[in-house]
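**Student:** Let the hints inform the model, and build the full structure from the sequences given.
Each protein sequence line maps, in turn, to chains W and D. With the numbering used here, the residue at position 20 of the first sequence is 20, and numbering never jumps. With the numbering used here, the residue at position 111 of the second sequence is 111, and numbering never jumps.
Among these hints, one or two may not hold up.
On the chain D side, residues computed to face chain W include the following (Cβ under 7 Å) [what the hints assert, rightly or not]:
| hint | residue |
| --- | --- |
| 1 | Ser31 |
| 2 | Gln33 |
| 3 | Glu41 |
| 4 | Gly42 |
| 5 | Pro43 |
| 6 | Leu45 |
| 7 | Thr48 |
| 8 | Leu88 |
| 9 | Leu92 |
| 10 | Tyr97 |
| 11 | Lys98 |
| 12 | Leu99 |
| 13 | Phe101 |
| 14 | Gly102 |
| 15 | Ala103 |
| 16 | Gly104 |
Here are some chain W residues the structure puts well away from chain D; computed CB gaps all over 10 Å [what the hints assert, rightly or not]:
| hint | residue |
| --- | --- |
| 17 | Lys13 |
| 18 | Thr14 |
| 19 | Gln17 |
| 20 | Phe64 |
| 21 | Asn79 |
| 22 | Ala87 |
| 23 | Leu113 |
Worth flagging that the hints you see were computed from the coordinates, not collected in a lab. The structure presented is a predicted model; accordingly, all values stated were derived computationally and were not measured. Glycine is no exception: its CB is placed at the ideal position from the N, C-alpha and C atoms.
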Amino acid sequence: DAGVTQSPTHLIKTRGQHVTLRCSPISGHKSVSWYQQVLGQGPQFIFQYYEKEERGRGNFPDRFSARQFPNYSSELNVNALLLGDSALYLCASSFIQNTGELFFGEGSRLTVL
Amino acid sequence: TQLLEQSPQFLSIQEGENLTVYCNSSSVFSSLQWYRQEPGEGPVLLVTVVTGGEVKKLKRLTFQFGDARKDSSLHITAAQPGDTGLYLCAGLLSNDYKLSFGAGTTVTVRA
Chain W
1 DAGVTQSPTH LIKTRGQHVT LRCSPISGHK SVSWYQQVLG QGPQFIFQYY EKEERGRGNF
61 PDRFSARQFP NYSSELNVNA LLLGDSALYL CASSFIQNTG ELFFGEGSRL TVL
Chain D
1 TQLLEQSPQF LSIQEGENLT VYCNSSSVFS SLQWYRQEPG EGPVLLVTVV TGGEVKKLKR
61 LTFQFGDARK DSSLHITAAQ PGDTGLYLCA GLLSNDYKLS FGAGTTVTVR A
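**Tutor:** Rendered as structure tokens:
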């Protein structure tokens with residue numbers, strides 16, 4: 001069975017640009033969460049979506065937005081990129097919401113120059 | 001301020017030695033997870049503990065949840081190079097939707 005898939009795996013942007021990251025959850029999983037992992041730190045929660053509705057948002061600016069589609073895949077959008085947005089962006093899926101048992105993708109490594 | 005504090009931050013040991021990683025908080029968790037992350041990959045779930053005082057074993061790895069459900073430890077016996085990686089503890093507060101992670105412990109096992 002396919003795990004959580006994310007695209008692109010690596011990308012380079014310049015300050016002020018916009019980026020869209022994509023995630024396909026494990027088949028049957030209805031919850032998708034997004035995390036940001038800066039080098040040397042643990043993942044920080046950005047968003048959780050369940051059944052296509054936003055169920056939670058972390059302490060991130062409004063430049064960050066996300067959505068979940070009818071097939072439960074998800075997109076994370078970041079506008080007006082800053083150097084500090086450089087990080088590994090992880091998508092995780094689970095069958096239910098409010099669980100600590102998450103299945104992570106390999107992440108999208110974003111570098112902002 | 002990190003909800004979960006992990007120690008040590010880095011650990012380098014020789015193959016065959018034992019090691020313990022600690023995860024502490026002032027908050028009470030409904031469940032606590034340990035994940036392992038290797039370079040270029042996402043975290044992979046190792047174990048979930050939910051009951052205070054619970055001990056779980058996964059081959060050479062032993063996980064313990066504190067009696068008050070505020071802390072946890074991971075003990076590896078006879079470490080092998082394949083145990084090398086970033087070990088992350090994560091906790092779910094009651095009635096919360098998000099999983100909070102510690103900063104991680106980087107474990108290096110030398111052959």
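**Student:** Does each hint hold? Answer for all of them.
**Tutor:** How the hints compare with the structure:
| no. | hint | in the structure |
| --- | --- | --- |
| 1 | Ser31 | holds, 5 Å |
| 2 | Gln33 | holds, 4 Å |
| 3 | Glu41 | holds, 5 Å |
| 4 | Gly42 | holds, 3 Å |
| 5 | Pro43 | holds, 5 Å |
| 6 | Leu45 | holds, 6 Å |
| 7 | Thr48 | holds, 6 Å |
| 8 | Leu88 | holds, 5 Å |
| 9 | Leu92 | holds, 4 Å |
| 10 | Tyr97 | holds, 4 Å |
| 11 | Lys98 | holds, 4 Å |
| 12 | Leu99 | holds, 5 Å |
| 13 | Phe101 | holds, 3 Å |
| 14 | Gly102 | holds, 5 Å |
| 15 | Ala103 | holds, 5 Å |
| 16 | Gly104 | holds, 5 Å |
| 17 | Lys13 | holds, 20 Å |
| 18 | Thr14 | holds, 24 Å |
| 19 | Gln17 | holds, 24 Å |
| 20 | Phe64 | holds, 14 Å |
| 21 | Asn79 | holds, 22 Å |
| 22 | Ala87 | holds, 13 Å |
| 23 | Leu113 | holds, 21 Å |
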